[in-house]
Amino acid sequence: CHTAKMLTPNGKEYAQKIPREELTYLILKLLQAWKEPLSHFNQHIEHHQELPDDSLSKAKQIRNMVHELETGVEKVTEKMQSMGIISNSLQGMASSEAAGLPTSNEANMMSDSDFIHCFRRDSNKVQSYLKILKCRIMPENSC
Amino acid sequence: DLLQWPQISKCRSPELETFSCYWTDGNLTVPGTVQLLYMKRNDEDWKECPDYITAGENSCYFNTSYTSIWIPYCVKLANKDEVFDEKCFSVDEIVLPDPPVHLNWTLLNTSQTGIHGDIQVRWDPPPTADVQKGWITLEYELQYKEVNETKWKELEPRLSTMVPLYSLKMGRDYEIRVRSRQRTSEKFGEFSAILYVSFSQAGIEFVHCAEEIEFPWFLVVIFGVCGLAVTAIVILLSKQPRLKMLIFPPVPVPKIKGIDPDLLKKGKLDEVNSILASHDNYKTQLYNDDLWVEFIELDIDDSDEKNRVSDTDRLLSDDRLKSHSCLGAKDDDSGRASCCEPDIPETDFSASDTCDAISDIDQFKKVTEKEEDLLCLDRKDDETLPTPANTDTQQPRTLSESRESWPPFADSTDSASPSVHTQLSNQNSLTNTDFYAQVSDITPGGSVVLSPGQKSKVGRAQCEGCTEQSFTVDNAYFCEADVKKCIAVISQEEDEPRVQEQSCNEDAYFTTESLTTTGVNLGASTAETPSMEMPVPDYTSIHIVHSPQGLVLNATALPVPEKEFNMSCGYVSTDQLNKIMP
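Same order as they appear, the protein sequences are chains A and B. Each residue of the first sequence is one higher than the one before, starting from 425 at the first, in my numbering. Each residue of the second sequence is one higher than the one before, starting from 1059 at the first, in my numbering.
Next up, chain A with everything else stripped away, as it sits in the complex (with noise of 0.2 Å):
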């Protein structure tokens, strides 16, 4: 997977360790580093005459879902930042990592079948993440 280089935590322990910037910022990394790969991979398989046609749509509405997905944790983010509960350190973060943002070349490279594994095991990191992010936001939860 593309994303493979990227440091995530692999636990539930791990993820309610790393500062809450820290997850947000993987969180928003994430959706971001699918964007453009879904929008290919779109592209990709309309021209494959065996998949049925909800197939293709499922795969824009994913492509959509996704897109909506990081403008909203976008959002979620801004508010955090100016209510207090992260530090604005975030962009800083965004920076020193911009090497490990997975180039589109890579997700070209994968066979459909590698593609949509390593997408299932992504979006899966980030729906776990943004569980615990959301249990750690709230004072009352004990995360």
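To be clear, the hints were calculated from the coordinates, so they are not data collected in a lab. Incorrect hints may have been included.
Quick list of simulated restraints, FRET-style, between CB atoms [claimed, not checked]:
(1) B:Asn1085 / A:Glu564: 53 to 59 Å
(2) A:Lys484 / B:Thr1122: 35 to 41 Å
(3) A:Ser537 / B:Glu1106: 40 to 46 Å
(4) A:Tyr438 / B:Pro1185: 20 to 26 Å
(5) B:Glu1204 / A:Tyr438: 46 to 52 Å
(6) B:Lys1245 / A:Leu431: 27 to 33 Å
(7) B:Glu1204 / A:Glu460: 53 to 59 Å
In this text, a Cβ means the ideal position worked out from N, Cα and C, and glycines have one as well.
Position chain B relative to chain A; hints supplied.
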């Protein structure tokens, strides 16, 4: 029997934090001990299972420190020499949650009959799964069945930990079980312990139905349909007409009196048409007969105005019919005669008039005003002048008729005075009811050309002499009186004064031209169109019939704006009015 190597049966993670792998020994005796080795993706070498005990025999347990989510693992079962089995996976793919715990149920409500009830089943998520923090999201599937049933009923997987069950039979016991799975996965974990639901044990009052009787609707429907079919067939085939008619009444067919339905069926249209025609003819003839009878009677009496009036009304009404019939009957010059009574020219004329005057029946029905005309007409026994029939619709015919009537009338006025008088009476009646034929023109031959016209009644004029006005109307009826006067005047004088305008009023139609022509024909100078006061009505009733000289029409003043009409009698036709009006 088959020789099997040790195999890794499954690897599962119950909560996405730890995982375990299980294997089977196999039949073969394997030298040495079997080890489970694992390797992460980034490792260089295989490592041995950290815990062989916690998960049980032939198992390997990886705790949280050894577990990395989203990272590919490979495990293999091997001894020192050979590898028996190998498996690669990622921990997030092998999640199989533990079963839910703490199942219980509560009674929601019972039906009024006490036979059925609703319950709510609740449970807790497996304790190992950290659902609270949201690290893992679980779905639950509930299954239930009656105790003595074999097949479980399934509900849709849902995220909530409580489910209502509706319409359970309170006399039966149920078994309930729940299982869970990770929301993004497809495989379910193990089922929970079975929950037994027994209403009797709960001490709930219910109606114990010994056995459930389900109404055999199916049988009822089948037998009902068969019975109805048999009954219908029996009725159809039965020879009793009464019963048959009661259930299957015959459809009525159209019937026409006097016509044999067979004619219609066979399509003998000619015969049918003749029959229908004969019916109408018969009717009209009846009317005609009555009319003539009454008419004659009136003539004889010739005294009672009222009688006349009443008779006139009747006559008028009859006249209409008669005219219809008359019109229909005749067609040639003497057709008018054939219309009613050929032997009496005057009568014919009047008949024709009546025939022609069908259109103005409405106007004619203005009885009251016409009465006077009639009176005028009646008084002059010797002066019987057939009034032009009112013919709005049959103008050409009227003209011809009038033409023909004129000469005969003139010729036979004297001799036919009684008839003329009769006719006049007819005319009177006609006039009374505004039944006038508008004389539109008078042919040189002396026949009056009648034309349809409107009739407006304006005051009654005395029935005396002719009035100029009466002659003015083009397509108007002549008041008998007026006409008579006019004709007399015309015949005697070149210029007829309008003196007698008032003489005969009432609903007299004048045809100016006709009047003039009439005058000419009769030897009198054509009556100039009298004052345009003549009303528009097309017909002037002939009020007086001056047999030798002609007709005296009752001039009726047209309601010309700003003009006072001295209507002798009758009506002024529109043409007259137009002429009158500049």
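Hints, verified against the model:
1. B:Asn1085 / A:Glu564: 53 to 59 Å: holds (57 Å)
2. A:Lys484 / B:Thr1122: 35 to 41 Å: The hinted range 35 to 41 Å holds for Lys484 of chain A and Thr1122 of chain B, with Cβ atoms some 39 Å apart.
3. A:Ser537 / B:Glu1106: 40 to 46 Å: violated (32 Å)
4. A:Tyr438 / B:Pro1185: 20 to 26 Å: Cβ of Tyr438 of chain A to Cβ of Pro1185 of chain B: about 22 Å, so the range 20 to 26 Å holds.
5. B:Glu1204 / A:Tyr438: 46 to 52 Å: Once the Cβ atoms are compared, 49 Å apart, the range 46 to 52 Å for Tyr438 of chain A and Glu1204 of chain B holds.
6. B:Lys1245 / A:Leu431: 27 to 33 Å: About 30 Å separates the Cβ atoms of Lys1245 of chain B and Leu431 of chain A, which means 27 to 33 Å holds.
7. B:Glu1204 / A:Glu460: 53 to 59 Å: holds (57 Å)
Hint 3 from the earlier list is the only one contradicted by this structure; the remaining hints agree with it.
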